[in-house]
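The task is simple: from the sequences and hints, build the whole structure.
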Amino acid sequence: MSQSTLRWSLIGGAAVLALAAGVYFGRAAFTGAPGTQAQAAIAGLALPDTTGQEQRLDQWRGKVVVVNFWATWCAPCREEMPEFIKAQNEWGPKGLQFVGIAVDSVGKIREFEKEIGLNYPTLVGGAGAMELSKVLGNEYMALPFSVVVDRKGGVAYTQLGVLKPAKLNDLVKQLL
Amino acid sequence: MPPSPVLRALVGFACALVFAGAAHADAKLLPPEQAFFFSARALDDKTLEARFSVTDGYYLYRDKMKFDLDASAARLESATLPPGKVKEDQFFGKVETYRGEVVVKLPLSPAMAGKSVVLVAESQGCADLGVCYPPTRQKITLPIPEPGKGPGAVVEAQPRKKNWFN
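Each protein sequence line maps, in turn, to chains A and B.
Residues 48 to 223 in our numbering are what the first sequence spells out, letter by letter.
Residues -4 to 161 in our numbering are what the second sequence spells out, letter by letter.
Read the hints as simulated data drawn from the structure, not as lab findings.
Be careful, since some hints might not be right.
Straight-line alpha carbon distances no greater than 20 Å define the calculated EDC-like cross-link-like pairs of lysine to aspartate or glutamate that follow [what the hints assert, rightly or not]:
#1 B:Lys82 <-> A:Glu126
#2 B:Lys80 <-> B:Glu96
#3 A:Lys155 <-> B:Asp58
Partial selection, computed: residues in chain B whose CB lies under 7 Å from chain A [to be verified]:
#4 Leu24
#5 Pro26
#6 Phe32
#7 Gly125
#8 Val126
#9 Cys127
#10 Tyr128
#11 Pro129
Yeah, the Cβ is synthetic: ideal placement off N, Cα and C, and Gly gets one too.
Structure representation (structure tokens):
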């Protein structure tokens, strides 16, 4: 290969790479790396459970916590939850803890919990839960939305849409 | 001459980055008011016409669509929603969904000639990307024309935003 071909290859390649990196990292920034506001929201998160008892999220500090916002009217939420049940069974003893935050009425939450045999707690979010999820990076307050919190209480990852088993596996391996 | 291995490797890596970026479900998501654009007009002094323009890649549930008037001397007679596309949902059974344009005629009682009403629409839908929005309420204040004056102007729930990237 001549010197000039190599030089043009490198310049062209670098340009494509810079553009692609801009697209990727630009999007990553847009989807929201967890900021201090999100961190504060997670640190202070407390909501009632389905019996009305207030539950603080920091009671699970020291575990890897997956906070999953869901609702019974949300089909993709229903789709991913059986995988969460499996993951809770498999990795729960090693320190993984799922916590649901439902944007729904207590009656509907309880009915659905029974229907699918939910094996992790659900907190009752109500309408305010959507605002909370917005602070955590869910800009348009759509569901499902999941926040993965590391053992030290730091926001490690957020996912809008279904948290796929492969991604969950990666996160668990990395954080647990 | 074939491209150099250096260039090929860089382009391959670049493509992988672009793909990874596109894998974010929220990369192109619209706010619900834009995904389900709501507008309305008065056809005459006793009939309103509500319209949802559903963006490609999004859909609304027929059984979650409701209309009402806010603090008005008039009320809406029961309206017939147009049939949606029937699909068998693995969780909800038989459901009807709307894509594209949805137009609903709403009879007003009594006639409100020369006055105005606040039309409230509640809707709920999802994006094909795999996310759903909570029920959204949108309001439009509609001037009602005098009898025989023809339909009133179309009023949009909020200014349609120009967005070159969506």
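For each hint, the structure was consulted:
no., hint, result
1, B:Lys82 <-> A:Glu126, "holds (17 Å)"
2, B:Lys80 <-> B:Glu96, "holds (12 Å)"
3, A:Lys155 <-> B:Asp58, "holds (18 Å)"
4, Leu24, "holds (6 Å)"
5, Pro26, "holds (5 Å)"
6, Phe32, "violated (14 Å)"
7, Gly125, "holds (5 Å)"
8, Val126, "holds (4 Å)"
9, Cys127, "holds (4 Å)"
10, Tyr128, "holds (5 Å)"
11, Pro129, "holds (6 Å)"
Violated hint: 6 only; the structure is consistent with all others.
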